[in-house]
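J.: Residue numbers (full-length UniProt numbering), protein chains in the order written: chain L, 1 to 390; chain D, 1 to 390; chain X, 1 to 384; chain E, 1 to 384.
Just so you know, these hints were derived from the structure itself, not from any lab.
A few of these clues could be false.
Some chain X residues well away from chain L (every beta-carbon gap over 12 Å; in silico) [said to hold, decoys possible]:
(1) P6
(2) P30
(3) N35
(4) R143
(5) N220
(6) F224
(7) I260
(8) L275
(9) P329
(10) R359
Calculated cross-link-like contacts (lysine-lysine; reagent style DSS-like; alpha-carbon spacing at most 30 Å) [stated by the list, open to error]:
(11) D:K38 / D:K61
(12) L:K344 / X:K331
(13) L:K280 / E:K261
(14) D:K344 / E:K54
(15) D:K280 / L:K344
(16) D:K350 / E:K59
(17) X:K256 / L:K350
(18) E:K331 / D:K350
(19) X:K261 / D:K282
(20) L:K38 / L:K161
(21) L:K161 / E:K331
(22) X:K331 / D:K350
(23) X:K331 / D:K162
(24) X:K256 / D:K350
(25) L:K344 / E:K164
(26) E:K261 / L:K282
(27) L:K282 / E:K59
(28) D:K280 / X:K256
(29) E:K256 / L:K350
(30) D:K344 / E:K331
(31) D:K344 / X:K256
(32) X:K59 / D:K280
(33) L:K162 / L:K143
(34) L:K27 / L:K38
(35) D:K344 / X:K59
(36) L:K350 / X:K331
(37) L:K350 / E:K32
(38) L:K280 / E:K256
(39) X:K54 / L:K344
(40) X:K331 / E:K331
Just so you know, even glycine gets a beta-carbon here, dropped at the ideal spot from N, CA and C.
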Amino acid sequence: MRLPPRRIQPGHTVMIKMPSGECRSIKFDGVGTISLGKFGSFPAAELVGQLYGLRYDIAEKTLKVIAPPSIEDVEDTDATNELIRDSSSIQEVTYQEIEQLKSAGVLPEEIINKQIESHASFALKTEYSKDKYKKRKQAKFLKHFSTIEPTIHNVCDYWFKKDQSRIRDIRPDALSQMMTLANVHPGGRYLVADDVSGLLIACMLERLGGEGRVMNICDVESPPVYHIVSYMNFEPQMVDNVLVSLNWATADEMHEPILAATEPMDGQKSSDGQRIRMQKRKLAESALFETREELFRGNFDGILIASQYEPYSVTERLIPYLAGSGSIVIHSPYIQVLTEAQSKMRADPKYLAPSIAQPWLRQYQILPGRTHPMMNTSGSGGFLLSATRM
Amino acid sequence: MRLPPRRIQPGHTVMIKMPSGECRSIKFDGVGTISLGKFGSFPAAELVGQLYGLRYDIAEKTLKVIAPPSIEDVEDTDATNELIRDSSSIQEVTYQEIEQLKSAGVLPEEIINKQIESHASFALKTEYSKDKYKKRKQAKFLKHFSTIEPTIHNVCDYWFKKDQSRIRDIRPDALSQMMTLANVHPGGRYLVADDVSGLLIACMLERLGGEGRVMNICDVESPPVYHIVSYMNFEPQMVDNVLVSLNWATADEMHEPILAATEPMDGQKSSDGQRIRMQKRKLAESALFETREELFRGNFDGILIASQYEPYSVTERLIPYLAGSGSIVIHSPYIQVLTEAQSKMRADPKYLAPSIAQPWLRQYQILPGRTHPMMNTSGSGGFLLSATRM
Amino acid sequence: MWSVAPTVASGDTVILWLGRDIIQALVVTPGKVFNGRYGAFPHDALVGVLYGSKVFSQKERGFLYVLRPTPELWTLALPHRTQILYLADIAFVTSMLAVRPGSTVIEAGTGSGSFSHSVARTVGSKGHLFSFDFHQDRVDKARIEFLRHGLHQRITLAHRNVCKDGFGLLDRADAVFLDLPAPWEAVPHVKLALRSDISARVCCFSPCIEQVMRTVAALNENAFSEIQTYESLLFPQETYSNPAPPPVSQITNALKESEIKREQRRLRQISNAQLRKRKRDEDADDQNLKRPRLQDPAPSDPGSSSSVPQPVPDADPDHRAPADLPDNPPKIVVSKTIPEVRGHTSYLTFAILLPSEFRPRSHDATTLDTNIEQSATKQEQSVQ
Amino acid sequence: MWSVAPTVASGDTVILWLGRDIIQALVVTPGKVFNGRYGAFPHDALVGVLYGSKVFSQKERGFLYVLRPTPELWTLALPHRTQILYLADIAFVTSMLAVRPGSTVIEAGTGSGSFSHSVARTVGSKGHLFSFDFHQDRVDKARIEFLRHGLHQRITLAHRNVCKDGFGLLDRADAVFLDLPAPWEAVPHVKLALRSDISARVCCFSPCIEQVMRTVAALNENAFSEIQTYESLLFPQETYSNPAPPPVSQITNALKESEIKREQRRLRQISNAQLRKRKRDEDADDQNLKRPRLQDPAPSDPGSSSSVPQPVPDADPDHRAPADLPDNPPKIVVSKTIPEVRGHTSYLTFAILLPSEFRPRSHDATTLDTNIEQSATKQEQSVQ
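Based on the provided sequences and hints, a complete structural model is requested.
T.: Right, here's the structure in full:
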């Protein structure tokens, strides 16, 4: 098997990395113009069929694929910042002058060079400082953007940076660890409580590859739109036969769901519209009962939880349907919530070895002579509680 | 001023780093023989007057100062471990042979070389593996030990490694941060609740340098022996006029301490012994009242707490005696204990900006070609809650 | 992979859980007996039990749990042939390399098979793993395990020094994972083995930063882009349900009561002494000697040479305040990271290889490439 | 150092606390007015108030707190002339260098004076700090501050490139702290400046690992021992007193009630419709159109193409379960590290220089040493 290349298609949600380094997403329909604000705009059609993950220059309203930057070896020299007076690094090119140059059609690279030339102390700076200065200037002027390949890692990273609270602090490393701790694999059957806009479901769907079951138990009457799933741009077969949903009432064995009538009222004649509606209702009803039946038959391989509800109350509801030796994995932003659940599990022989761990991640800058961990970093990717069903 | 060199004297507690890397301490009296178990023994007198921090070889029951090892540049070569079969790294020199060599007086270095020569695959190993192998062997044979200079950092490190729970997880970095957060300085006056065997008090005494006040409030009727203070081997003037203690009853303004009589019973004649005892009691009593008075006069510069009691209840008792703009610093092994206290402080206008922080420490191996963080590390040095008195 | 049946069958590989640190793998072989720390367990007694069951030993002295293997449990149960990769690293690498069902992955070296099992699980029956190791021993052992675990169709295993001889695969893999002492030597070969029609990915696992630096330089020279280096760890947490820390009022009251008792005792002693005095006048001094010491300073102790009361060496239980024994205190659940943790495993360096037309300027020697490409094409068949 | 009086006096340097991120230093100068974000504060109003007081603005619009300066508050209030050292680093360095009252310490460079203030506090009036910087600007600014803060007697400040010219001090310091771009160049000079009769200590502060490697090599060549490298950080924690996470039974019951209400509404609608049907028979279909949609699958949405009921676009408040609005839930205090933290400041490399007789074999060039020693002896007087 050779996985098909991922290409941009109308209907996709496309994540874009802007020249400023910030990311945003567009609902891509392949027509009209896509505007990246001050960085310019281009016809949407230019992106149709393109591979994800390429870098583009917006040149005269069209796109040109450009190679990503490589690490330039900035040589270590003996120059130091010693002779630069802190107060004297005045920029000689004024804002007005830059705007004039821009409107006169001068290329961004040239403007940067002009600024560098006129920067009184530039020659006195170290090579490192020079490099830093150039990069800062480049980011301002170059209209380069990239599309981001919709891997689950990238989608999670996108949301973690954009709105950490919406995904309850699930950092990409934590999400990957959930998959491993829960032994998620193609063909597996999992119970999920996803209060993270579908991030957990999206990840499960990717890991199942169209085979197996993701049964999500939601807290609204009808299943919500799992917004983040749409960022994966899945083919329908990755989702259709895999994902089903119940809510906490319909997932209750003791509860008899009250359903709308699927037969016309006694003695009434029905219109064609009514008959079609009734037909659809019947299908929905039988699907619901099938899903309930499947839940109650049990023997699921794992339970994965990223939810606002008290974790032990959630696992207690779902554990009857988990196979022996199956995994339970719970993520929470707060260790306090997990320690409480853990202490209840410890008193309960159904749970083998409930354990809490904290995911930890550190990124590095690896540049010749300037290698160090990133100066700013994410403080927390939440905590994980895992246990095995006895 | 030139601080006097720290030398070993009878009466000192001397910390020793054994050839195995483990540390222990001895109550040093300067006479008799000191035994380091299987590593040998030597006359105690050999250490009297020696500078702390030196490395010794035990040679024929005497000590010889030796230079510490320097980093040997082990060159990176193209050799890999590729050709070594896991099961074939059999050591050709047997245990019996080694013992024979040892008792024949062969020097440890020679034994190691013999082992290396006979190690079938040694030449096939990379330089790194060789170096690792040598070091492992050396630790086994060389009778080198060091004395450890009694700085507060070393004392804290010693106890953190020996019995972390006894000092309630105060890691050296956390202790140093307590001093900084509480602005501890010579001449300052501090209230302390030390449930950490005197570690906190020892650190305060070092930082005060004989000037100022450390008033410890203890939870036993009479002040306990602050065991860890003795590891600092302080000159008396570092302690005598600085450290005083009360307990939680005698530190209570509403409480009138019940004291033993300082006058003989009515109409009784007293013996000489009784008179001396009464005299001592009077001194103790007046010292107690003086200390109480000093507490109740207040205007202390800081409150430092490392205690088993609920932190907010402790600060509430002590804060009336803290000067405006004074610091409160609390250490606890558990963040849960501090978050509870912090949420009470937040509702109380006496406390400005109560903040919790987690000390984090990482050590590195810096060796040519083999630089990395230590593979094993301390998981937790506790948490710090700090606030300012309004 | 392993059995998916609800109950254990003869021939199954199972995981025996005897404790957090005592986890063993076992092939259920009727007639055999497993002798563990907690007693003897005949394999026959395991056949037919549900996975996840608690099984008692023959003499009911002890018990164990029978678990279904997972790559993670297998790793915990593994006799450590090489430094094993850790759960956090494997998970993060899988995610960063975008490994998914159907992916084709290359790993070098095979090592203990820890990563192999995990990736084989994730790529599923439609994906494939090419695994290389330069130790014949390890390859032999891994081959037996992969066969026993039903992974032989998902994993192609080869004894090969990939740094010297390349992978023998051309335009083939979605992702490559290198756990080698000198990964930079393998980078030109990685370039050939990766697919040229997608953004393909590589990860190098290196414990030392110098290896990372050389690897990053090699990746940069070989037209890889988006080079990123991470460390990923998991810190286990210890939790306790402890008595809540007592308020300081509790010990304050205890100390006050203790003071009163001490005074009462003292007064009692004095009146006793006076009684005795009448009888044996000359012994009175001795009788009183012990208590007053309580108040004497002990200036010889450098840690407590203060001017307040000193400790009693022979303190009776009443004298010491009962601070450690409050009645029925409320509980609080507290936690902290375990005292000693794995603080470093490796640096993980990732990079992307764009389809050839989009790659950045490359400094690599074309001659080298061509040579390898030719031999690689030949060698691929030998590996298949 | 700063005022130790309980109340603020004219001429005092005070810290104005307007918020966690708005901290400013001020010299109280009668007649002047401080205009902050929260209003105007005449300096005269500060004179005589107790340190730690809350002071209201002229028009009582806002307030601030008047704090006594500490080296740490001063650092927070500092206009950042160079990258400042961080609290955790300073504290750890002080501890590892065994700085205490009476210590003689050398630092290069002075930078923003953050470390200078902290060390001057710790060494006290009996200790001394020699501080060097190669920027004339920074030296000038620091000189004014040290004078204003009463530190001029504890700190000797000099404009000097210590890498080229050494410290001009011989056998003098208990400890040296280097925050320089190329600390390895200063190492031979450090060796001369450190005391030769004790185990003297050095620390090098370097953001990049390459600097650490060169420094370690230089320390090793210059007979330093016990070379150790650390990172020390402090992670601020966020805490909330939140409603405890609700049990899942709560939402289960809410959903069941909601189901009943929906059915009641449907039945009501049907009977209403039947009533209307009698009047306007032909409109009946339109009347019923809206509700049944509730049960229609919406296959166009890839994220929810399942076979169970779909969301209602115009859900009324009753329809959506009131999961977010439980009545008076219990509280739980929770915490986590703040979302973005300072994840690296610098590597701290420490070493010990034993008294000369006990040092390890040294590879250093003796000629270099002698030269420096000669000039250093001369220069010491110029620094004093």
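J.: Confirm or reject each hint.
T.: Against the structure, the hints:
Here X:P6 does not stay apart from chain L, with its beta-carbon only about 6 Å from theirs, under the 12 Å limit. Residue placement check: X:P30 keeps its beta carbon more than 12 Å from all beta carbons of chain L (closest about 21 Å). Against chain L, the non-interface label of X:N35 holds: every CB pair exceeds 12 Å, the least being about 22 Å. For X:R143, the condition that its CB be more than 12 Å from all CB atoms of chain L holds, with the nearest at approximately 22 Å.
Residue placement check: X:N220 does not keep its beta carbon more than 12 Å from all beta carbons of chain L (closest about 5 Å). For X:F224, the non-interface assignment is contradicted: its Cβ lies about 9 Å from the closest Cβ of chain L, within the 12 Å cut-off. With a least CB separation of 40 Å from chain L, X:I260 remains clear of the 12 Å interface cut-off, as annotated. Look at X:L275: its CB is around 58 Å from the nearest CB on chain L, clear of 12 Å, so calling it non-interface holds up.
Non-interface call for X:P329 relative to chain L: holds, since the shortest CB-CB distance, roughly 16 Å, exceeds 12 Å. Remark: the non-interface label on X:R359 conflicts with the geometry, its nearest Cβ contact in chain L lying 6 Å away (cut-off 12 Å). Under the criterion of a C-alpha separation no larger than 30 Å, the hint pairing D:K38 with D:K61 is consistent with the structure, at around 13 Å. Among the hinted pairs, L:K344 with X:K331 is consistent with the structure: their alpha-carbon atoms are about 13 Å apart, no more than 30 Å.
A C-alpha spacing of about 22 Å is found between L:K280 and E:K261, which places the hinted pair at or below 30 Å, so the restraint holds. For the given pair, D:K344 sits about 20 Å from E:K54 by alpha-carbon distance, which is consistent with the 30 Å threshold. Our distance criterion of 30 Å between C-alpha atoms is broken by D:K280 and L:K344, whose separation comes to about 57 Å. Restraint check for D:K350 and E:K59: the C-alpha separation of about 24 Å stays at or below 30 Å, so the hint holds.
Between X:K256 and L:K350 the alpha-carbon distance is near 48 Å, which puts this suggested pair outside the 30 Å criterion. Proposed proximity of E:K331 and D:K350 is supported: the alpha carbons are some 24 Å apart, at most 30 Å. Using a Cα cut-off of 30 Å, the hinted pair X:K261 and D:K282 holds, with the two alpha carbons roughly 21 Å apart. Note on L:K38 and L:K161: the hinted pairing holds, with a Cα-Cα distance of about 22 Å set against a maximum of 30 Å.
This hinted pair checks out: L:K161 and E:K331 have alpha carbons roughly 29 Å apart, not beyond 30 Å. Distance check on the hinted pair: X:K331 and D:K350 sit about 28 Å apart at the alpha-carbon level, within 30 Å; holds. Proximity of X:K331 to D:K162 is assessed by CA-CA distance (about 29 Å); at most 30 Å being required, the pair is judged to hold. A threshold of 30 Å between alpha carbons decides the hint, and for X:K256 with D:K350 the separation of about 28 Å falls inside it, so the pair holds.
Taking the CA atoms of L:K344 and E:K164, the gap is about 66 Å. The hint is violated against a cut of 30 Å. The hinted pair formed by E:K261 and L:K282 meets the criterion: a straight-line CA distance of about 21 Å does not exceed 30 Å. With a C-alpha separation of about 71 Å, the suggested pairing of L:K282 with E:K59 is violated against the 30 Å cut-off. Between D:K280 and X:K256 the alpha-carbon distance is near 23 Å, which keeps this suggested pair within the 30 Å criterion.
Restraint check for E:K256 and L:K350: the C-alpha separation of about 28 Å stays at or below 30 Å, so the hint holds. Our distance criterion of 30 Å between C-alpha atoms is met by D:K344 and E:K331, whose separation comes to about 13 Å. For the proposed pair D:K344 and X:K256, the alpha carbon gap of about 27 Å is at most 30 Å, so the pair holds. Between X:K59 and D:K280, the direct Cα distance comes to roughly 69 Å. Violation of the 30 Å bound is thereby established for this hinted pair.
The hinted pair formed by L:K162 and L:K143 meets the criterion: a straight-line CA distance of about 22 Å does not exceed 30 Å. Of the pairs offered as hints, the one joining L:K27 and L:K38 holds, with about 19 Å between alpha carbons and a cut-off of 30 Å not exceeded. The hinted pair formed by D:K344 and X:K59 fails the criterion: a straight-line CA distance of about 56 Å is larger than 30 Å. Under the criterion of a C-alpha separation no larger than 30 Å, the hint pairing L:K350 with X:K331 is consistent with the structure, at around 24 Å.
Distance check on the hinted pair: L:K350 and E:K32 sit about 72 Å apart at the alpha-carbon level, beyond 30 Å; violated. At most 30 Å may separate the alpha-carbon atoms for a hinted pair to count; L:K280 and E:K256 meet this at roughly 23 Å. Only pairs whose Cα atoms come within 30 Å are accepted, and X:K54 paired with L:K344 is accepted, the gap being roughly 20 Å. As the CA atoms of X:K331 and E:K331 are separated by approximately 16 Å, the hinted pair is consistent with the 30 Å bound.
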